[in-house]
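Start from the sequences and build out the full structure, keeping to the hints where you can.
Number of protein chains: 2
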Amino acid sequence: MSMSAIELQGKNAKQASRALAKLGSQKRDAALRAIASALLSDTASILEANAIDMQRGKENGMRDSLLDRLLLTKERIAAIAQGVSEIVALPDPLGRSDYEATRPNGLRISARRVPLGVVAIIYESRPNVTVDAAALCLKSGNAVILRGGKEAYNSSAALTEVMRRALRDTGLPEDCVSLVSDTTRESVGELMNLTGFVDLLIPRGGAGLIKHVCENAKVPVVQTGVGNCHVYVESTADFDMAAEIIFNAKCSRPSVCNAAETLLVDAKIAAEFLPRAKKLLDTKHTELRGCPETLKILPDARPAEPSDWEAEFYDYILAVKVVSGLEEATEHIAKYGSGHSEAIVTNSYDAARRFTDEIDAAAVYVNASTRFTDGGEFGLGAELGISTQKTHARGPMGVEQLTSLKYVVYGSGQIR
Amino acid sequence: MSMSAIELQGKNAKQASRALAKLGSQKRDAALRAIASALLSDTASILEANAIDMQRGKENGMRDSLLDRLLLTKERIAAIAQGVSEIVALPDPLGRSDYEATRPNGLRISARRVPLGVVAIIYESRPNVTVDAAALCLKSGNAVILRGGKEAYNSSAALTEVMRRALRDTGLPEDCVSLVSDTTRESVGELMNLTGFVDLLIPRGGAGLIKHVCENAKVPVVQTGVGNCHVYVESTADFDMAAEIIFNAKCSRPSVCNAAETLLVDAKIAAEFLPRAKKLLDTKHTELRGCPETLKILPDARPAEPSDWEAEFYDYILAVKVVSGLEEATEHIAKYGSGHSEAIVTNSYDAARRFTDEIDAAAVYVNASTRFTDGGEFGLGAELGISTQKTHARGPMGVEQLTSLKYVVYGSGQIR
Chain X
0 MSMSAIELQG
10 KNAKQASRAL
20 AKLGSQKRDA
30 ALRAIASALL
40 SDTASILEAN
50 AIDMQRGKEN
60 GMRDSLLDRL
70 LLTKERIAAI
80 AQGVSEIVAL
90 PDPLGRSDYE
100 ATRPNGLRIS
110 ARRVPLGVVA
120 IIYESRPNVT
130 VDAAALCLKS
140 GNAVILRGGK
150 EAYNSSAALT
160 EVMRRALRDT
170 GLPEDCVSLV
180 SDTTRESVGE
190 LMNLTGFVDL
200 LIPRGGAGLI
210 KHVCENAKVP
220 VVQTGVGNCH
230 VYVESTADFD
240 MAAEIIFNAK
250 CSRPSVCNAA
260 ETLLVDAKIA
270 AEFLPRAKKL
280 LDTKHTELRG
290 CPETLKILPD
300 ARPAEPSDWE
310 AEFYDYILAV
320 KVVSGLEEAT
330 EHIAKYGSGH
340 SEAIVTNSYD
350 AARRFTDEID
360 AAAVYVNAST
370 RFTDGGEFGL
380 GAELGISTQK
390 THARGPMGVE
400 QLTSLKYVVY
410 GSGQIR
Chain V
0 MSMSAIELQG
10 KNAKQASRAL
20 AKLGSQKRDA
30 ALRAIASALL
40 SDTASILEAN
50 AIDMQRGKEN
60 GMRDSLLDRL
70 LLTKERIAAI
80 AQGVSEIVAL
90 PDPLGRSDYE
100 ATRPNGLRIS
110 ARRVPLGVVA
120 IIYESRPNVT
130 VDAAALCLKS
140 GNAVILRGGK
150 EAYNSSAALT
160 EVMRRALRDT
170 GLPEDCVSLV
180 SDTTRESVGE
190 LMNLTGFVDL
200 LIPRGGAGLI
210 KHVCENAKVP
220 VVQTGVGNCH
230 VYVESTADFD
240 MAAEIIFNAK
250 CSRPSVCNAA
260 ETLLVDAKIA
270 AEFLPRAKKL
280 LDTKHTELRG
290 CPETLKILPD
300 ARPAEPSDWE
310 AEFYDYILAV
320 KVVSGLEEAT
330 EHIAKYGSGH
340 SEAIVTNSYD
350 AARRFTDEID
360 AAAVYVNAST
370 RFTDGGEFGL
380 GAELGISTQK
390 THARGPMGVE
400 QLTSLKYVVY
410 GSGQIR
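As given, the protein sequences belong to chains X and V, one line each in that order. First residue of the first sequence: 0, per numbering that gives the first Met the number 0; consecutive thereafter. First residue of the second sequence: 0, per numbering that gives the first Met the number 0; consecutive thereafter.
It is possible that some hints are incorrect.
What the hints assert, rightly or not - Stretch by stretch, here's where chain X covers chain V in the computed footprint (C-beta under 8 Å, at least three residues):
| hint | stretch |
| --- | --- |
| 1 | 107-116 |
| 2 | 283-295 |
| 3 | 365-372 |
Unchecked claim - Derived pair list, reagent style DSS-like, types lysine-lysine, alpha-carbon separation capped at 30 Å:
| hint | chain 1 | residue 1 | chain 2 | residue 2 |
| --- | --- | --- | --- | --- |
| 4 | X | K334 | V | K26 |
| 5 | V | K73 | X | K13 |
| 6 | X | K210 | V | K210 |
| 7 | V | K26 | X | K10 |
| 8 | V | K334 | X | K10 |
| 9 | V | K210 | X | K13 |
No wet-lab data here; the hints were simulated from the structure. Beta carbons are placed, not taken as given, at the ideal position from N, Cα and C, and that holds for glycine.
Below, the structure is given as structure tokens:
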């Protein structure tokens with residue numbers, strides 16, 4: 000049976016990953032530095048490829064916000080190269096041992112950090128992800144298979160070619176980084192089933208795609224970026240602080256996964272608080288979709304549909320629900336939350352303690368915006384996304400989360 | 000739509016897990032101590048249930064080794080209770096934080112260890128696993144759904160009832176521990192798809208079942224216990240040490256996953272070493288299945304079939320292959336190994352370094368038997384099995400590997 004193009008790509012990536020795993024961080028970092036300089040010296044060819052994608056996007060009537068996401072400029076490429084340099088500066092995630100023991104029988108055991116092997120990433124039409132993802136994988140000693148969106152294909156292919164050339168120039172196998180040339184749904188299906196070649200698959204993009212991949216992949220998957228986040232304003236909250244936090248969580252960047260989608264307000268303070276919050280939210284023309292109690296206080300709000308509690312709006316839209324107290328708030332979050340980021344605004348020590356104990360999410364906030372869930376903001380360095388699952392990795396997926404471990408045991412003839 | 004029995008069980012376990020997650024280790028440990036004493040005081044009822052399983056097993060012509068695995072005695076129940084007490088004595092896996100930082104903006108971040116939630120375990124007809132698995136889950140704050148083999152159903156049901164009563168007596172929800180009453184393949188399928196209720200599924204037992212579950216489950220899975228382990232005797236090995244190691248790795252307990260299945264011998268020493276190893280292996284009437292080179296040295300050995308390199312014999316059978324050196328040995332292991340435990344016997348520093356660097360397995364040994372891959376032997380405490388996958392957990396799956404983390408962020412009104 001002959002191999003498909005993607006199987007062959009998987010096999011080559013696996014082989015490259017074995018060579019890569021033997022290298023120390025000096026060589027991995029040297030390759031990353033070469034990638035950063037090649038991005039700068041080859042900017043012209045990258046911009047040329049990007050112009051083709053932009054042209055097609057315009058012809059196909061792509062929305063302005065998506066066109067902007069697709070656009071590369073000299074400055075943006077410089078920023079991407081700068082991002083690579085920042086990844087070089089991170090500590091080597093393979094450079095430490097998690098556990099060391101000398102056992103009573105003399106066996107010396109250490110749990111050495113090792114790369115996963117081959118990481119595959121399915122992502123939307125953002126050319127910068129092509130480089131960010133590859134750099135994070137190389138830093139952690141992994142080969143990467145990139146499967147980007149078709150609208151950005153020419154840009155991603157140009158960026159990949161620049162990276163592969165830099166790998167060759169520094170003596171690393173070029174198959175440490177490769178791009179899937181088939182941008183149909185079929186290649187997603189193939190990647191999902193590439194057992195033996197793909198050690199971890201990270202799907203990004205729409206919630207439907209992510210769910211489909213998580214439920215049907217045969218290879219291990221980490222789910223990232225599904226964010227139905229809540230801000231709960233408890234009865235003892237400082238109203239100004241609470242209004243600033245919900246405004247920031249909703250409106251500072253509605254298109255990202257750590258933006259808030261639902262405001263929960265304690266019934267005791269709803270009549271006083273909601274109009275104050277609305278004033279701020281109105282400055283961004285935020286559409287409010289309220290429960291019946293909310294509508295009594297804010298008659299202009301649109302009645303919330305049941306589906307609004309589940310929605311990630313990615314827009315200036317906020318669902319609003321009046322709750323009887325902490326218990327109803329935590330139950331609502333348990334029912335509708337996606338396990339990403341949840342916040343309480345309160346002055347009650349007990350409420351803060353109960354909320355942080357009981358809410359089951361990657362990040363739980365007291366008196367701060369959900370927008371801080373980010374590897375950089377947490378002090379963990381660059382990341383590939385926010386994992387909302389509880390196994391393997393939860394929260395920011397940085398270079399450490401792209402590693403596994405291996406117990407190395409040194410003996411002198413021990414038998415059991 | 001009404002819920003199936005297993006869905007309802009999942010829902011109840013999820014609810015119980017929420018209550019359990021709020022408890023400190025004092026209460027979890029008290030419940031475990033109550034379970035240990037209840038096992039001792041209720042021994043009679045457990046033995047009665049076990050007698051029914053034993054009777055049926057005999058009627059159905061169950062093999063002696065399986066009957067022995069099924070049998071409970073007063074002493075064995077005492078040993079199970081003792082195992083629970085040892086799990087109580089382990090450090091609380093939820094009692095520490097993986098990461099603490101105060102950020103420049105004043106946010107205080109800590110990565111708190113939290114339970115996974117609900118762990119489901121599919122296991123063979125070993126009544127002791129019913130208690131071991133439940134105790135490890137409770138210690139780590141998880142509710143557990145047990146799905147044991149049908150041959151041990153009465154025993155497992157009696158043990159589960161004893162544990163549930165102990166939970167009630169110490170004020171914990173009894174649904175922290177429950178047994179699936181449907182022992183057909185159908186319940187495996189239902190558990191695999193219990194998204195929203197099951198946070199981690201651990202299949203144990205036959206390789207076919209494990210592969211089926213890993214490839215088809217919608218819930219997260221950890222693969223344990225698939226062990227095609229190798230011992231490679233390099234040309235500089237001490238022959239006596241090497242013979243003792245392969246004899247121990249193969250014959251000390253052939254039915255377990257860390258037993259060796261294939262011996263790889265360097266061509267330079269094969270003619271001298273193989274007859275010496277055979278002498279020891281003969282004391283257990285070990286059947287050797289050799290490559291053509293092996294057969295030239297050991298004409299009595301049976302010719303190895305291609306499938307022998309892939310087999311887990313679980314028996315006194317050993318595949319033997321002569322290799323040209325370290326490179327062929329590591330390639331053979333990369334091709335056929337299951338990523339469990341691999342050993343080299345050598346006096347060459349360089350060979351030891353290359354083998355430990357290049358072999359991709361949960362445990363890699365120099366000059367020691369593969370049989371040491373075990374939580375207790377590694378000094379990590381009791382475990383549910385040996386994970387052979389690279390994501391989430393690799394190697395012994397102890398209480399720590401049954402946890403996740405949650406970033407708790409304390410602010411004073413920070414916005415981004």
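Hints versus structure:
1. Check on the stretch 107-116 of chain V: 5 of its residues sit with their Cβ under 8 Å from a Cβ of chain X, so the three-residue criterion for coverage holds.
2. Look at the stretch 283-295 of chain V against chain X: 0 of its residues bring a Cβ nearer than 8 Å to a Cβ of that chain, fewer than three, so the hint is violated.
3. Figure legend: the stretch 365-372 of chain V, annotated as covered by chain X; annotation consistent (7 residues with Cβ-Cβ distances under 8 Å, at least 3 required).
4. About 27 Å separates the Cα atoms of X:K334 and V:K26, which keeps this hinted pair within 30 Å; it holds.
5. At roughly 52 Å between alpha-carbon atoms, V:K73 and X:K13 are farther apart than 30 Å, so this suggested pair is violated.
6. For the hint pairing X:K210 with V:K210, the CA-to-CA distance comes to about 22 Å; that is within 30 Å, so the pair holds.
7. The hinted pair formed by V:K26 and X:K10 fails the criterion: a straight-line CA distance of about 51 Å is larger than 30 Å.
8. Taken as a hint, the V:K334 and X:K10 pair is honoured in the structure, with Cα atoms around 12 Å apart against an allowance of 30 Å.
9. Annotation: proposed proximity of V:K210 to X:K13 holds, straight-line Cα distance about 21 Å (limit 30 Å).
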